[in-house]
Amino acid sequence: MRYVKPESFEAAATLLRDETGISRILAGGTDVLVQLKAEMVEPDLMVDLKHLPGMREIVAEDGGFRIGAAVSGAELGEHDAVKAMWPGVVEGVELIGSSQVQSRATMAGNLCTGSPAGDAVPAMVTAEAVARVHGPDGVRDVPVVDIPTGPGKNSLSKGEFITSIYLPARPAHAGDAYLRFIPRTEMDIAVSSAAVSLALDEDGTVTSARVAVGAVAPTVRLVKDAGAALVGSKLDDAAIAAMVHAVEAACSPITDKRGTIEFRTKTAGVLAKRAALIAYGRAGGQL
Amino acid sequence: MKTIPVATTINGDETEFLCHTDESLLDVLRDRLGLTGAKEGCGTGDCGACSVMMNGRLVCSCLVLGVETEGAEIETIEGMAKGDTLHPLQRVFLEEAALQCGICTPGILVAAKALLEKNPDPTDTEVRYWLAGNLCRCTGYDKIIKAVQKAAAEMRAA
Ligand SMILES: Cc1cc2nc3c(=O)[nH]c(=O)nc-3n(C[C@H](O)[C@H](O)[C@H](O)COP(=O)(O)OP(=O)(O)OC[C@H]3O[C@@H](n4cnc5c(N)ncnc54)[C@H](O)[C@@H]3O)c2cc1C
Ligand code: FES
Ligand code: FES
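Protein chains in written order, with my numbering: chain L, 1 to 287; chain X, 1 to 158.
Simulated from the structure, these hints should not be mistaken for lab results. This one's a predicted model, so the numbers in the text were calculated from it and none came from an experiment. Even for Gly, the Cβ is constructed at its ideal location relative to N, Cα and C. A portion of the hints provided could be inaccurate.
SDA-like mimics (lysine to any residue), calculated; alpha carbons at most 20 angstroms apart, straight line [to be verified]:
no.	chain 1	residue 1	chain 2	residue 2
1	X	K143	X	T125
2	X	K118	L	E75
3	X	K150	X	L99
4	L	K50	X	D22
5	X	K118	L	F9
6	L	K153	L	K83
7	X	K118	L	G77
8	X	K118	X	L99
9	L	K234	L	Q286
10	X	K2	L	M1
11	X	K2	L	Y3
12	L	K37	X	P120
13	X	K118	L	A38
14	L	K266	L	T207
15	L	K37	X	E73
16	L	K5	X	T21
17	L	K83	L	L95
18	L	K37	X	H20
19	L	K5	X	G71
20	L	K50	X	L86
21	L	K37	X	R32
22	L	K234	L	T207
23	L	K5	L	K83
24	L	K266	L	K234
25	L	K37	X	D22
26	L	K37	X	D27
27	L	K37	X	T3
28	X	K150	X	L115
29	X	K2	L	E42
30	X	K150	X	P120
31	L	K273	L	H173
32	X	K2	L	V59
33	L	K83	L	L52
34	L	K5	X	T44
35	L	K158	L	F9
Short, incomplete list of chain X residues facing chain L, as computed with Cβ under 10 angstroms [said to hold, decoys possible]:
no.	residue
36	S51
37	L65
38	R128
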């Protein structure tokens, strides 16, 4: 295996494009080094980009924040302004692994690794986060929701990689939240999960809502009907029931050792409901 | 396979070593540098027995490549005592018998020290969450949490 720290993003893109064997980006290594150890993947080329400009920085931009692709969970969690603006995104990232894993794991790695249960992904989707992708043909911005394409797969083409993730400005009277179900309190993979992001008008009526679920389909899923069910309501029981129904209808999970199809579907609805109530409170709504 | 030269600082000493690109920092510490305090419980980030500090952050050395540590500052359990004087955490772990086989102990001490530097007066819940990535198969966690709290109280009084 060759280990390379390229001098620029352009050099990295060329290197990755021209590699004929298996290549991987080394961010925090908390997925890729586990796979290496287990011999699940034996890369010929490991590209480390953490030293390149902006990769470890969090910068305010147009009312939102640009998070470098190598910013660790711990660094993000220590950034009070990001946490205040997108508490749901930060709580998703902070759920990943242990203190040790938090020192290294990145949200870009969580996204690119393509786990349906990735804890950073649902709230990035509901925040309408956008990944900045560098590659042999230049730079493009891709909505986070379009990056994962299936378990272990993503939509980046050969030579492409993420250099930052942009969290847009949050509107006034808005809030988000993320919850997952695991059988223990720490260090486990979500059986199901849900993120909700809401914006309200002055009197607490929902003006826009997005709901995303994890671990209940091959990729994290944005459930448009579920968000639509909340718009125009103050989260009354009927609106919540319609939202839960839409979430359940969008679930197509598998049964495995962590949970059955029925259990995953049911808990995804429950979590979406609870996350919606938390997001509503954070947005300043009174129930 | 070719080896690569790497220059780091380990427990304050400038250290150079050669390693393969796919070799973990844990393997470098144990097999190349003779620093066998960090243990391998799993090799996959689950147990925390290999915990060390890298550039001021607590990491699993099994999930860091040796080649990634070029220019980094590494602190291991071997650097925790000052000469013959144990760190308060080390001493209290012995006094309170917060260990049995001791395999998890170096990792727990390194992790607990990192916590107390950030948060000198944690609640029991905070200690438990912080140490959730450090598994112990014999002592039981109560004694470990109590020992961390006792050492923390001593360190606050000092
Ligand atoms: C003990 C333990 C507990 C864990 N617990 C959780 C958990 O609770 N929830 C959870 O979701 N995950 C968990 N994980 C998995 C892992 O920590 C996360 O998925 C993490 O976010 C991965 O980020 P990373 O920076 O370490 O990625 P890496 O391992 O460095 O990379 C992962 C993949 O993404 C690609 N990649 C990385 N960065 C980029 C980039 N900038 N552009 C393009 N591709 C890139 C790599 O090529 C690789 O294929 C756990 C892992 C361990 C070891
Ligand atoms: S050996 Fe590194 S976490 Fe278990
Ligand atoms: S004392 Fe044996 S594993 Fe903790």
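Each hint tested on the structure:
For the proposed pair K143/X and T125/X, the alpha carbon gap of about 14 angstroms is at most 20 angstroms, so the pair holds. Taking the CA atoms of K118/X and E75/L, the gap is about 13 angstroms. The hint holds against a cut of 20 angstroms. Between K150/X and L99/X, the direct Cα distance comes to roughly 15 angstroms. Compliance with the 20 angstroms bound is thereby established for this hinted pair. Our distance criterion of 20 angstroms between C-alpha atoms is met by K50/L and D22/X, whose separation comes to about 18 angstroms.
Note on K118/X and F9/L: the hinted pairing is violated, with a Cα-Cα distance of about 35 angstroms set against a maximum of 20 angstroms. A C-alpha spacing of about 29 angstroms is found between K153/L and K83/L, which places the hinted pair above 20 angstroms, so the restraint is violated. Simply put, K118/X and G77/L have alpha-carbon atoms about 14 angstroms apart, close enough for the 20 angstroms limit, and the pair holds. Between K118/X and L99/X the alpha-carbon distance is near 24 angstroms, which puts this suggested pair outside the 20 angstroms criterion.
A distance of roughly 9 angstroms separates the Cα atoms of K234/L and Q286/L; the hinted pair therefore holds under the 20 angstroms criterion. Note on K2/X and M1/L: the hinted pairing holds, with a Cα-Cα distance of about 10 angstroms set against a maximum of 20 angstroms. Straight-line distance between C-alpha atoms of K2/X and Y3/L comes to about 12 angstroms, which keeps the hinted pair within the 20 angstroms bound. With a C-alpha separation of about 36 angstroms, the suggested pair K37/L and P120/X falls outside the 20 angstroms cut-off, and the hint is violated.
Taking the CA atoms of K118/X and A38/L, the gap is near 34 angstroms; set against the 20 angstroms cutoff, the hint is violated. At roughly 26 angstroms between alpha-carbon atoms, K266/L and T207/L are farther apart than 20 angstroms, so this suggested pair is violated. Annotation: proposed proximity of K37/L to E73/X is violated, straight-line Cα distance about 24 angstroms (limit 20 angstroms). Straight-line distance between C-alpha atoms of K5/L and T21/X comes to about 12 angstroms, which keeps the hinted pair within the 20 angstroms bound.
A threshold of 20 angstroms between alpha carbons decides the hint, and for K83/L with L95/L the separation of about 14 angstroms falls inside it, so the pair holds. Between K37/L and H20/X the CA atoms are separated by roughly 14 angstroms; this keeps the pair inside 20 angstroms, and the hint holds. A hinted pair counts as satisfied when its Cα atoms are at most 20 angstroms apart, and K5/L with G71/X qualifies at roughly 13 angstroms. For the proposed pair K50/L and L86/X, the alpha carbon gap of about 36 angstroms is over 20 angstroms, so the pair is violated.
Between K37/L and R32/X the CA atoms are separated by roughly 19 angstroms; this keeps the pair inside 20 angstroms, and the hint holds. At roughly 10 angstroms between alpha-carbon atoms, K234/L and T207/L fall within 20 angstroms of each other, so this suggested pair holds. Note on K5/L and K83/L: the hinted pairing is violated, with a Cα-Cα distance of about 31 angstroms set against a maximum of 20 angstroms. Our distance criterion of 20 angstroms between C-alpha atoms is broken by K266/L and K234/L, whose separation comes to about 23 angstroms.
Taking the CA atoms of K37/L and D22/X, the gap is about 9 angstroms. The hint holds against a cut of 20 angstroms. Taking the CA atoms of K37/L and D27/X, the gap is near 12 angstroms; set against the 20 angstroms cutoff, the hint holds. Under the criterion of a C-alpha separation no larger than 20 angstroms, the hint pairing K37/L with T3/X is consistent with the structure, at around 18 angstroms. Our distance criterion of 20 angstroms between C-alpha atoms is met by K150/X and L115/X, whose separation comes to about 14 angstroms.
Distance restraint check for K2/X and E42/L: the Cα-Cα separation of roughly 17 angstroms lies within the 20 angstroms cut-off, and the hinted pair is therefore satisfied. Straight-line distance between C-alpha atoms of K150/X and P120/X comes to about 11 angstroms, which keeps the hinted pair within the 20 angstroms bound. Restraint check for K273/L and H173/L: the C-alpha separation of about 19 angstroms stays at or below 20 angstroms, so the hint holds. Straight-line distance between C-alpha atoms of K2/X and V59/L comes to about 40 angstroms, which puts the hinted pair past the 20 angstroms bound.
With a CA separation close to 25 angstroms, the supplied pair K83/L and L52/L exceeds the 20 angstroms bound. Under the criterion of a C-alpha separation no larger than 20 angstroms, the hint pairing K5/L with T44/X is inconsistent with the structure, at around 24 angstroms. Between K158/L and F9/L the CA atoms are separated by roughly 14 angstroms; this keeps the pair inside 20 angstroms, and the hint holds. For S51/X, the interface hint holds, the least distance from its beta-carbon to any beta-carbon of chain L being 6 angstroms, beneath 10 angstroms.
At about 7 angstroms, the closest approach between the beta carbon of L65/X and any beta carbon in chain L falls short of 10 angstroms, and the interface hint on this residue holds. Hint status for R128/X relative to chain L: holds, with the closest Cβ pair at about 8 angstroms, below 10 angstroms.
Going down the numbered hints, you'll see the structure goes against 5, 6, 8, 12, 13, 14, 15, 20, 23, 24, 32, 33 and 34, while the others check out.
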